[in-house]
Amino acid sequence: MKILSGVLISLLILMNQAMAGNGLPKGIIVQDGRSAAPFNLKDIDGEAYDFAQTKGKWVFVHFWATWCGPCRKEIPTIQAIVKKFENSNLEIVIINTAESEDAVFNFLGLLAPDINPLMDADGLVTEKWQPRGLPATYFVDPTGKIRYLALGGRPWNKDVYLEFLNGLKNDTTYKAKK
Amino acid sequence: MSLNLYNLNIKYKLPIHNFLIPVIMKKIIRRVLICSLGLFATALQAKEQAQDKMIYQDDDVYLRFIQLTPHQIGSFYEGREFKKAAVDKLTASCYVTVIIKNRSDDFLWIDIAKWEFIQNGRKIIQQDRTYWNKQWDEINLKQAHRSTFNWTLMPAERNLYPHEDVGGRIPIPMQTKPFTVVLNFPTGENKQGKTKTVKMENVICKLDDNK
Chain U
0 MKILSGVLIS LLILMNQAMA GNGLPKGIIV QDGRSAAPFN LKDIDGEAYD FAQTKGKWVF
60 VHFWATWCGP CRKEIPTIQA IVKKFENSNL EIVIINTAES EDAVFNFLGL LAPDINPLMD
120 ADGLVTEKWQ PRGLPATYFV DPTGKIRYLA LGGRPWNKDV YLEFLNGLKN DTTYKAKK
Chain W
0 MSLNLYNLNI KYKLPIHNFL IPVIMKKIIR RVLICSLGLF ATALQAKEQA QDKMIYQDDD
60 VYLRFIQLTP HQIGSFYEGR EFKKAAVDKL TASCYVTVII KNRSDDFLWI DIAKWEFIQN
120 GRKIIQQDRT YWNKQWDEIN LKQAHRSTFN WTLMPAERNL YPHEDVGGRI PIPMQTKPFT
180 VVLNFPTGEN KQGKTKTVKM ENVICKLDDN K
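Same order as they appear, the protein sequences are chains U and W.
Each residue of the first sequence is one higher than the last, beginning at 0 in numbering that gives the first Met the number 0.
Each residue of the second sequence is one higher than the last, beginning at 0 in numbering that gives the first Met the number 0.
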């Protein structure tokens, strides 16, 4: 009997782990929960933004540049979701790495006019976050820990990714901890 | 009797043996020929593409080398508002741009210090980030442009998750003759696996047409 229940418990644990692994869309990797580096940046309109204000929400932190090929492909898919998550429990933070306002304005005006990016003018915030390359997307939990990383560019407007993002938006796990 | 049978057979089988089968055979032969020609043409095209783009691929890794001329490199950084002194330094070097895709189900490691650039048995020294920081200090290049330049380089060392890709440039001094690049990729989560080695021969520093 003891052996049988042991086997059953092991099976349940394995199934749970397998489901947790399969539950993530392609290219989303679980992270170790290190603290997200704080920053203060200005957006393209010159408005100040403090990352600390996101505490209590899930945050989609995205680093990109106009010269990067995969970023060009990915940014319209972010444009397609920004309105969906406006004023929700999932904040979307887009950070341009080390480019001029003119370059960014011209680029976004064509491809993603709803995006108001933060300008990492000297690129130092990007370096502090140490992305694997550009583009890079991190998911920071409501306590400020990095929980997921997206490898390369992802089609964020596709159902499987929207489901993942909605899961974060509707996540109540951290409410009690606030 | 047998003759009759034979004749009968012939009469009966004529449409099959002497008409239908030859027609079917002709169709098969024609299709085989067309397929062979098609395959031959595809193989030729693939060979031409491989020569043009320098591609290596197997079950573990996909590699593509892209050659840019000094003018193309200069235009790229000028477009990012780099000053002339920086563009002059940049266009004096040669850039081996590499796209790598990890096709395996294991970790593949990029560690460009383990990559060798060889010409006639002589090692070509890579111009790493330390080299470029010295160059930028000389002309007081602003931080934003140093950052942009660094992001266009191949990461010095990092792992590639299964099916992840990465791309970037590796600067070396300008070369007038072809050279060989030996790319060594440690494998496994902690580099504990077997090192995968790919040799790319006849790599060149592409020059502008007027040079």
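Wrong hints could be hidden among the right ones.
Unchecked claim - The list that follows gives simulated cross-link-like pairs (lysine-lysine, DSS-like), each with its CA atoms no further than 25 Å apart: (1) W/Lys82 / W/Lys122; (2) W/Lys83 / U/Lys41; (3) U/Lys157 / U/Lys25; (4) W/Lys83 / W/Lys141; (5) U/Lys127 / W/Lys141; (6) U/Lys72 / W/Lys100; (7) U/Lys25 / W/Lys190; (8) W/Lys133 / U/Lys72; (9) U/Lys25 / U/Lys56; (10) W/Lys52 / W/Lys133; (11) W/Lys100 / U/Lys157; (12) W/Lys88 / U/Lys25; (13) U/Lys127 / U/Lys83; (14) U/Lys127 / W/Lys133.
I should point out that these hints are in silico values taken from the structure, not numbers from a laboratory.
Verification of the hints:
1. W/Lys82 / W/Lys122: With Cα atoms ~32 Å apart, W/Lys82 and W/Lys122 exceed 25 Å; violated.
2. W/Lys83 / U/Lys41: violated (29 Å)
3. U/Lys157 / U/Lys25: holds (12 Å)
4. W/Lys83 / W/Lys141: holds (13 Å)
5. U/Lys127 / W/Lys141: holds (18 Å)
6. U/Lys72 / W/Lys100: holds (18 Å)
7. U/Lys25 / W/Lys190: Cα-Cα ~24 Å, so holds.
8. W/Lys133 / U/Lys72: violated (34 Å)
9. U/Lys25 / U/Lys56: Judged against 25 Å, a Cα distance of about 23 Å means the pair holds.
10. W/Lys52 / W/Lys133: violated (32 Å)
11. W/Lys100 / U/Lys157: holds (23 Å)
12. W/Lys88 / U/Lys25: violated (41 Å)
13. U/Lys127 / U/Lys83: Violated - the C-alpha atoms of U/Lys83 and U/Lys127 are around 29 Å apart, more than 25 Å.
14. U/Lys127 / W/Lys133: holds (22 Å)
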